[in-house]
Amino acid sequence: MTDTSTATVETGAPTGGVRTLLRLEGLVLFLGMTVLYAQWEGSWLVYVLLFLVPDLSFAAYLAGPRVGAIVYNAAHSYLAPVALMTLGFAAAAPLVLSIAMIWLAHIGIDRALGYGLKYSKGFGFTHLGRIGKAQEPA
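Everything in the sequence shown is counted per the working numbering, starting at 38 for the first residue and increasing by one.
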């Protein structure tokens, strides 16, 4: 059995309750943005069409793991969608707000499923732990 403090130092990823809390935060973000979108009465066709758009950032891995991680992280961090949401509120722009809510919902479900921000070591190395076949036990 691996000592969790040692596992955290070796992988840079949270374990135990902290890992669970981070994943629950993702679930709450997904549910919250989806409920907000429903209350907003946004188009569900737009929601479905845009929900997976951030995953197009996977294509950047064709240029190597460093470039892939940078592009993936740019598309999967809270920075741009929260800025977009703020701009949408300030400008009273419904489409901008819809895009921001959908984008945040996508990030939330990814985090809930354990797909965290990527390290340049490779796609499977995330801030929430390893993913894929070489995954370490939680």
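The hints are simulated quantities; they were obtained by calculation from the structure and are not laboratory data.
This one's a predicted model, so the numbers in the text were calculated from it and none came from an experiment.
Even for Gly, the Cβ is constructed at its ideal location relative to N, Cα and C.
A hint or two may mislead.
[As the list claims (entries may be wrong)] Pairwise CB distance ranges (calculated):
(1) Gly101 x Val72: 34 to 44 Å
(2) Leu86 x Ala120: 15 to 25 Å
(3) Ala130 x Leu99: 12 to 22 Å
(4) Leu116 x Gly49: 15 to 25 Å
(5) Lys158 x Trp81: 33 to 43 Å
(6) Gly49 x Gln76: 32 to 42 Å
Leucine 116 paired with glycine 49, Cβ distance criterion 15 to 25 Å: Since leucine 116 and glycine 49 have Cβ atoms about 20 Å apart, the given range 15 to 25 Å holds.
Cβ distance range 15 to 25 Å for leucine 86 and alanine 120, holds or violated: holds, 22 Å
Cβ distance range 34 to 44 Å for glycine 101 and valine 72, holds or violated: 39 Å Cβ-Cβ, so the 34 to 44 Å window holds.
Verdict for glycine 49, glutamine 76 (Cβ pair) under range 32 to 42 Å: holds, 38 Å
Beta-carbon spacing of lysine 158 to tryptophan 81 - inside the hinted bounds 33 to 43 Å or not: With Cβ atoms ~38 Å apart, the hint holds.
Distance restraint evaluation - alanine 130, leucine 99, Cβ atoms, bounds 12 to 22 Å: With Cβ atoms ~33 Å apart, the hint is violated.
In summary, the structure is inconsistent with hint 3 from the numbered list given earlier, while agreeing with all the others.
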